[in-house]
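J.: Below, each chain spelled out in residue letters.
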Amino acid sequence: GDSVTQMEGPVTLSEEAFLTINCTYTATGYPSLFWYVQYPGEGLQLLLKATKADDKGSNKGFEATYRKETTSFHLEKGSVQVSDSAVYFCALSGLSSNTGKLIFGQGTTLQVKP
Amino acid sequence: GAGVSQSPSNKVTEKGKDVELRCDPISGHTALYWYRQSLGQGLEFLIYFQGNSAPDKSGLPSDRFSAERTGGSVSTLTIQRTQQEDSAVYLCASSLNKRETQYFGPGTRLLVL
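Sequence order for the protein chains is G and E.
Note that the working numbering has the first sequence beginning at 1, numbered continuously upward.
Note that the working numbering has the second sequence beginning at 1, numbered continuously upward.
Where hints are given, some of them may not hold.
Stretch-level coverage of chain E by chain G, calculated; a stretch enters the list once three of its residues show a Cβ under 8 Å from a Cβ in chain G [what the hints assert, rightly or not]: (1) 30-36; (2) 65-75; (3) 89-99; (4) 105-112.
Bear in mind the hints are in silico, worked out from the structure with no lab data behind them.
Predicted, not measured: the structure shown is a model, and the values here were computed from it.
By construction, the Cβ of each residue, glycine as well, lies at the ideal position given by its N, Cα and C atoms.
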């Protein structure tokens with residue numbers, strides 16, 4: 001079945017460092033891909049998404065490119081801030097389901113230190 | 001406008017008791033999802049409602065779990081005879097339809113003693 005694999009956390013960075021969180025997926029056809037973020041004490045929020053190959057999603061300085069050839073959707077940010085500290089979830093919505101349900105990776109905790 | 005709301009925000013119950021969790025989706029959203037977030041299993045899909053169609057219950061972990069959606073709006077998730085392994089955060093999400101972005105509520109944190 002469909003699945004998502006994220007890099008293990010936690011990830012600890014200094015402010016202004018470059019961030020990469022790896023995400024790879026297994027799915028039939030061309031799923032839609034998402035990054036969700038969960039800030040401390042808050043609910044899940046959509047950060048960005050891409051719905052077809054080579055699309056780049058971007059928001060708040062974060063970017064991710066849908067790579068069909070490597071089945072990847074890695075999250076990047078050029079300069080992280082303390083306020084980016086959160087748990088990040090990669091997810092897909094695949095064609096094998098007719099519901100649009102999301103399949104999530106395990107989540108990666110990011111801690112940014114001043 | 002108002003987002004997805006869930007109640008209660010926290011629930012502590014004793015093993016064997018029944019619990020009901022409530023979700024109020026965003027007005028006009030026809031698709032509604034329940035997910036569970038637990039330490040051991042991560043975020044997992046439980047059930048999906050779309051309008052008046054039969055729900056997709058494929059993610060429910062056992063027959064102790066059930067859900068309904070009345071009038072195409074509010075949904076309740078019921079867990080009967082709760083077990084300690086049911087302890088988790090239960091998340092509700094809604095979207096305009098199954099192809100659109102899902103918006104999540106703040107969740108209900110359930111602790112079964």
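J.: Now tell me, hint by hint, if it's right for this structure.
T.: Right, here's what the structure says about each hint:
1. 30-36: Check passed, 3 qualifying residues.
2. 65-75: Contact hint for the region 65-75 of chain E vs chain G: violated, 0 residues under 8 Å.
3. 89-99: Answer holds; 6 residues pass the 8 Å Cβ test.
4. 105-112: With 3 residues close enough to chain G, the hint holds.
Hint 2 from the earlier list is the only one contradicted by this structure; the remaining hints agree with it.
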